[in-house]
Each structure stands twice: as C-alpha cells, then as structure tokens.
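Residues 17 to 111 in the working numbering are what the sequence shown spells out, letter by letter.
Everything labelled a hint here was simulated from the structure, so no lab data went into it.
None of the values given here were measured: they were computed from a predicted structure.
The beta-carbon is built from N, C-alpha and C at its ideal position, and this holds for glycine as well.
Any given hint could be a false lead.
[Claimed, not checked] If you anchor each label on the Cβ, the simulated ranges turn out as follows:
(1) D60 x A95: 22 to 28 Å
(2) S21 x K105: 31 to 37 Å
(3) F40 x S98: 39 to 45 Å
(4) E82 x D60: 32 to 38 Å
(5) A35 x F84: 24 to 30 Å
(6) T76 x L100: 30 to 36 Å
(7) Q36 x L56: 50 to 56 Å
(8) Q97 x A46: 31 to 37 Å
(9) A35 x P77: 15 to 21 Å
(10) L81 x G42: 38 to 44 Å
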Amino acid sequence: RERVSFRRGDACRLEEDAAQLGSFDGAVIANLLCRLPDPLACLDGLQAVIKPGGAVVIATPFSWLEEFTPKSKWLGGYADQSGLAVDSKEQLQMQ
Numbered sequence: 017r018e019r020v021s022f023r024r025g026d027a028c029r030l031e032e033d034a035a036q037l038g039s040f041d042g043a044v045i046a047n048l049l050c051r052l053p054d055p056l057a058c059l060d061g062l063q064a065v066i067k068p069g070g071a072v073v074i075a076t077p078f079s080w081l082e083e084f085t086p087k088s089k090w091l092g093g094y095a096d097q098s099g100l101a102v103d104s105k106e107q108l109q110m111q
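When you get a sec, could you build the whole thing from the sequences and use the hints?
Set out below in structure tokens:
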C-alpha cells in the first residue's frame, strides 16, 4: 500500500522547497517549533505543502532556548521591555 509517504526537509524552508517536497493531506509537527531558528518561517511555509482542507497537528512545549532560536524569533514565553508577559497564544494570533 502506498497510502502514506514521508519526506524530510528543512522546516524553515517549506515554501522554497515545496516543489521538491510535494503536497500533503496533513502534517505532524511535534516538539519542533521551539527548536527552529525561525519558527514563523515554518508556520508560514505550511500553506505551500499542505493541500486545501488538509490538517496540521502541532504539539510543542514552547520551551524556548536561545541556543536554538534567537530571542527575537520567540513566539512568546518571555517578558517584554515593560515586564509584561508575552504569551505564545497571543503571538500566534497576531501573526
């Protein structure tokens, strides 16, 4: 049966690599977003590889570390310059 296929690529280059990767009915992104150098590039690139009506399941602890992701690219999980907490949910809604 050939109902399932797996591809490997750069999660931050989905849009650029879409022709090579192909399109999919769905994707699972588990424990990945907070380990990428540019998590928004991954999220933005999903449109290029997921078929219309497809599903994306994202599971992340949002455990940001500067050794993986520059703080300027974090999607929440820190305090802003005035000391207010920046929430990941709010950041994702703004994007």
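Whether the CB-CB distance between T76 and L100 falls inside 30 to 36 Å: violated, 22 Å
Distance restraint hint 31 to 37 Å, applied to the beta-carbon atoms of Q97 and A46: holds, 32 Å
Assessment of proposed distance window 50 to 56 Å (beta carbons of Q36, L56): Violated: the Cβ-Cβ distance is about 21 Å, outside 50 to 56 Å.
Distance restraint evaluation - E82, D60, Cβ atoms, bounds 32 to 38 Å: Roughly 22 Å apart at Cβ, these two residues miss the hinted range, so it is violated.
Beta-carbon spacing of A35 to P77 - inside the hinted bounds 15 to 21 Å or not: Given range 15 to 21 Å: violated, Cβ gap about 32 Å.
Consistency of beta-carbon spacing, F84 to A35, with hint 24 to 30 Å: For A35 and F84 the Cβ distance comes to about 28 Å; the hint holds.
Supplied distance hint 22 to 28 Å, evaluated on CB atoms of D60 and A95: Because 26 Å falls inside the window, the suggested range holds.
L81 versus G42 beta-carbon gap, inside 38 to 44 Å or not: violated, 28 Å
Satisfaction of the hinted span 39 to 45 Å by the C-beta atoms belonging to F40 and S98: holds, 42 Å
Range agreement (Cβ of K105 with Cβ of S21, hint 31 to 37 Å): Given a distance of about 32 Å, which is inside 31 to 37 Å, the answer is holds.
Violation of the numbered hints given earlier is confined to hints 4, 6, 7, 9 and 10; the remaining hints are satisfied by the structure.
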